[in-house]
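Chains as they are written, first to last, in the working numbering: chain A, 28 to 364; chain B, 28 to 233.
Hints listed in this document are in silico derivations from the structure and should not be mistaken for laboratory results. Every residue gets a Cβ at the ideal spot worked out from N, C-alpha and C, and that includes glycine. It is possible that part of the hints are untrue.
Stated by the list, open to error - Take a look, some chain A residues computed to stay more than 12 angstroms from chain B by CB distance:
#, residue
1, Glu-30
2, Arg-94
3, Ala-96
4, Pro-101
5, Leu-106
6, Gly-120
7, Thr-131
8, Pro-137
9, Ala-155
10, Gln-163
11, Pro-249
12, Val-292
Said to hold, decoys possible - To give a feel for the contact side, a few chain A residues facing chain B, derived at Cβ under 7 angstroms:
#, residue
13, Met-28
14, Cys-46
15, Ala-50
16, Ala-71
17, Pro-75
18, Pro-92
19, Glu-93
20, His-109
21, Thr-162
22, Phe-187
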Amino acid sequence: MIEIDVHLPLAHFTLQAHCTLTAKVTALAGPSGSGKTSLVESIAGLRPATGRIAIDGVTISDLPPERRAVGYVPQDVALFPHLDVRGNVRFGGHDEGRFETLVTMLELEPLLRRATVSLSGGERQRVALARALMTQPRLLLLDEPLASIDQPLRERILLFLRRVRDTGVPMLYVTHQSFEALALATDCLVLRNGAIAAHGPVAEVLGEFSGEVENLFEVDDPRHDPERGITRVTTSGGLELVLPYDAVAGATFPLVVRISGEEIVVFGARPESISSRNVIAAEVIDVREREGVVDLTASATQPIRIRITRAAADDLGIRAGSRVWLALRSRSFRVVG
Amino acid sequence: MSVVPFTLLIAAASTAVIAPIALALAAWSWRAGVRGAVIDTIAMLPLVLPPTAVGFMLLSVLPRPIVFTPAAVVIACGVMSFPLMFTAFRVALETTDRRYFDLARTLGATPARAFARVTLPLAWRGLLSALLLGYCRAIGEFGATILVAGNIPGRTQTLALAIYERVQSGRDHEAALLVSYVMLIALSLAGLSTMLIHRQRKRMAA
């Protein structure tokens with residue numbers, strides 16, 4: 028459990044964060060310049076902030092950075108350029124067993140003698156993770172771990188981040204509305220102009236603040252049906268979904284998938300002839316109009332967010348309490364990781 | 028000992044004495060940020076004061092037995108080369124990204140250890156360049172030295188003082204020869220120093 032009560036004057040506003048993080052992995056989201064990096068740096072002890080930060084009840088905010096046991100991987104990872112990969116990883120500690128474990132877990136063996144300048148973005152990220160984990164941190168802070176990684180490599184880095192998560196070290200990481208990165212976290216903290224604008228489960232918080240209308244589902248219990256080309260899954264919220272078999276056949280479950288709210292079709296009555304395999308009955312619980320579009324939140328066994336045009340909303344006569352049917356094309360789902 | 032090796036030796040001794048002090052203060056000032064400006068200003072004094080004024084002050088604080096000895100030359104050269112070395116050390120430290128130092132601390136290193144294991148190795152070219160500049164300055168020191176150590180051939184006379192003495196006594200050819208020595212030494216050391224600075228900048232930009 029991480030208790031944060033931080034007060035830090037910045038150039039354009041004062042960062043004021045008061046919250047308690049209970050999730051193993053929390054994503055820290057928010058627009059550029061909202062104070063995300065400053066908050067993370069103040070937890071690491073690199074920015075003098077007033078207030079209190081405590082990990083599992085132990086106050087660390089009055090300790091110098093070297094005694095906080097907080098691992099920090101900055102956005103540009105900042106590997107020491109005068110040390111090779113081994114030297115960088117070893118900088119954090121001399122425990123031989125731990126070193127070997129991390130080298131194996133993050134697959135660093137072939138890199139150990141390399142100079143840091145010769146590493147790719149993904150390799151640098153892995154070395155920086157190992158270096159931070161060598162200190163046996165009680166909390167790991169990551170600043171946009173996927174920001175400088177090209178799309179094809181992201182899934183691979185996510186794999187390593189998941190391995191780190193599975194070691195049990197609590198993580199707080201900054202993300203810039205990266206759905207791939209959000210797939211790691213259970214909770215999300217949103218900062219806006221230095222204040223906490225939202226804090227809660229990722230799926231709920233995300234839709235509210237991302238500007239886009241996205242649905243993230245953690246799915247499990249896959250029932251593959253290769254002959255029909257489908258896989259039936261159950262979301263953590265209890266929804267039964269059908270996904271394309273070829274998209275998820277090789278994946279490791281539980282898996283996070285997403286579907287844009289713009290790709291969900293809304294019907295006022297149960298559609299009779301439709302190719303979509305996912306037709307879900309739901310009740311509209313929230314309607315928000317903005318700039319020609321209407322954002323709906325509909326409740327099935329879990330909330331689903333949809334964006335439709337104003338004209339469509341008028342045609343369907345949608346308001347809070349309306350009964351609707353949602354069609355989610357299985358091909359519209361994207362595997363996040 | 029002839030004047031050239033004597034001068035090189037004196038300059039080396041003064042550099043060896045003053046460099047650790049200059050580095051420690053430069054490190055403190057680098058860490059202190061804005062608060063370090065006080066040290067920066069005081070460190071500049073020997074540079075902006077007339078050398079004879081510094082010499083006079085040294086004369087009034089140095090114990091009698093030291094005055095007019097080679098030790099006095101070492102002290103005068105050290106004090107006068109201090110500002111250049113200090114400033115060059117500061118610049119060399121500034122070229123290293125401070126975040127490496129900060130990051131080393133999150134990895135469990137105390138400030139002293141982070142400085143020694145991260146900042147110093149990253150800045151070594153700039154620091155060596157600063158040493159060379161300080162050494163050059165010590166070789167050329169004149170005003171303070173002549174006040175606290177006099178100009179005693181074979182005892183306290185350095186190259187700069189020897190040139191002065193030769194010109195005073197009308198031995199211009201000898202003076203020209205000494206000037207050519209000092210030119211050669213200064214050019215090669217300053218050239219090496221400049222090269223190191225360029226490498227340092229290039230490395231930190233990479």
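The hints, checked one at a time:
no.	hint	verdict
1	Glu-30	holds (19 angstroms)
2	Arg-94	violated (8 angstroms)
3	Ala-96	violated (8 angstroms)
4	Pro-101	violated (7 angstroms)
5	Leu-106	violated (9 angstroms)
6	Gly-120	violated (7 angstroms)
7	Thr-131	holds (21 angstroms)
8	Pro-137	holds (23 angstroms)
9	Ala-155	violated (9 angstroms)
10	Gln-163	violated (9 angstroms)
11	Pro-249	holds (40 angstroms)
12	Val-292	holds (49 angstroms)
13	Met-28	violated (21 angstroms)
14	Cys-46	violated (22 angstroms)
15	Ala-50	violated (22 angstroms)
16	Ala-71	holds (5 angstroms)
17	Pro-75	violated (12 angstroms)
18	Pro-92	holds (4 angstroms)
19	Glu-93	holds (5 angstroms)
20	His-109	holds (5 angstroms)
21	Thr-162	holds (5 angstroms)
22	Phe-187	violated (19 angstroms)
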